[in-house]
Amino acid sequence: MIRLVVVDDHPIVRGGLRDTFADAEDILVVGEAGDGAEGIERAERLAADVVLMDLRMPGMDGVAATAALRERSPNTRVLILTTFDSESDVLPAIEAGATGYLLKDALPDELTRAVRAAARGEPVLAPSVTHHLMGQVRRPGRGTLTDREREVLQLVANGSSNREAATALFIGEASIKTHLQHIYDKLGVRDRASAVAEGYRRRLLT
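The sequence shown begins at 1 in full-length UniProt numbering and counts up one residue at a time.
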């Protein structure tokens, strides 16, 4: 019997997921939680085999909860179930140790098969997630910033506008925008704030 804990901040979603597994003879929903911290507590106390984890929740989000749970209960598999599939959502979740990543439009049979696969330690990925990961692997110089790109990112982190950064580096403002787009692509983010946060996470910034 696969012991499953459902973690989602919406009670209606949790109820729907509980009903989804009601007819599965080999899956038992042993508990549920409304945020990441509560999910970790439930998973540990109830000896969950698999945790179905939402990504964006108040308090501790799904990525932080996944990382903490993988460290504290390495035998518990985490299967992300969310509505978000951008690269900036997918990659941190996979890096945190999620066994799988599915979207909430998955059919009940897909979810059931995914939980069984996750319990066996097999990776389960939605097609769009696979596309993001393949693109990240194939992208030249992925994650590696040039010296100039690091200079631009540092100036942005220090609060400089594009114009101020251009003045500091003696280049055009259009060049700053181009460097920023390359930074976004390499770090898998979509905006300045996310780029700075990712830069600190990867220790690219001082």
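Fair warning: there could be bad hints in the mix.
Calculated lysine to aspartate or glutamate pairs in the EDC-like style (CA-CA distance at most 16 Å, straight line) [stated by the list, open to error]:
no. : residue 1 : residue 2
1   : K177      : E149
2   : K186      : E164
3   : K104      : E164
4   : K104      : E25
5   : K177      : E122
6   : K186      : E173
7   : K177      : E164
8   : K104      : E122
9   : K186      : E87
10  : K104      : D85
11  : K186      : E149
12  : K186      : D61
13  : K186      : D147
Simulated restraints on C-beta separations [said to hold, decoys possible]:
no. : residue 1 : residue 2 : range
14  : L28       : A64       : 37 to 45 Å
15  : L46       : T206      : 39 to 47 Å
16  : A106      : E164      : 42 to 50 Å
17  : T83       : A37       : 18 to 26 Å
18  : R203      : L169      : 15 to 23 Å
19  : L46       : P123      : 32 to 40 Å
20  : S73       : G159      : 17 to 25 Å
21  : M60       : T206      : 46 to 54 Å
Calculated from the structure, these hints are not laboratory results.
What you are looking at is a predicted structure, and each value in this text was computed from that prediction instead of being measured.
Ideal Cβ placement from N, Cα and C applies to all residues, glycine included.
These are the hints, each one checked on the structure:
The straight-line distance between the Cα atoms of K177 and E149 is roughly 11 Å, inside the 16 Å bound, and the hint therefore holds. Of the pairs offered as hints, the one joining K186 and E164 is violated, with about 23 Å between alpha carbons and a cut-off of 16 Å exceeded. In summary, the hint linking K104 to E164 is not supported, as the alpha carbons are separated by about 43 Å, beyond the 16 Å threshold. A hinted pair counts as satisfied when its Cα atoms are at most 16 Å apart, and K104 with E25 does not qualify at roughly 22 Å.
In summary, the hint linking K177 to E122 is not supported, as the alpha carbons are separated by about 41 Å, beyond the 16 Å threshold. Our distance criterion of 16 Å between C-alpha atoms is broken by K186 and E173, whose separation comes to about 20 Å. Between K177 and E164 the CA atoms are separated by roughly 12 Å; this keeps the pair inside 16 Å, and the hint holds. Of the supplied pair hints, the one linking K104 and E122 is violated, its CA atoms being roughly 19 Å apart against a limit of 16 Å.
Our distance criterion of 16 Å between C-alpha atoms is met by K186 and E87, whose separation comes to about 11 Å. Under the criterion of a C-alpha separation no larger than 16 Å, the hint pairing K104 with D85 is consistent with the structure, at around 10 Å. A distance of roughly 10 Å separates the Cα atoms of K186 and E149; the hinted pair therefore holds under the 16 Å criterion. A C-alpha spacing of about 24 Å is found between K186 and D61, which places the hinted pair above 16 Å, so the restraint is violated.
Proposed proximity of K186 and D147 is supported: the alpha carbons are some 14 Å apart, at most 16 Å. Restraint check, L28 to A64: a C-beta distance of roughly 26 Å breaks the suggested window 37 to 45 Å. Between L46 and T206 the beta carbons are some 43 Å apart, a value that agrees with the proposed interval 39 to 47 Å. Between A106 and E164 the C-beta distance comes to about 46 Å, which sits within the given range of 42 to 50 Å.
Separation of T83 from A37 is about 21 Å and conforms to the stated range, judged on CB atoms against 18 to 26 Å. At about 22 Å, the beta-carbon gap between R203 and L169 stays in the expected band of 15 to 23 Å. Between L46 and P123 the Cβ separation comes to about 24 Å, which falls outside the hinted range of 32 to 40 Å. Checked against the hint of 17 to 25 Å, the pair S73 and G159 fails, with Cβ atoms roughly 40 Å apart.
Range check, M60 to T206: Cβ separation about 27 Å, and the 46 to 54 Å hint is violated.
Going through the hint list in order, the structure does not satisfy hints 2, 3, 4, 5, 6, 8, 12, 14, 19, 20, 21.
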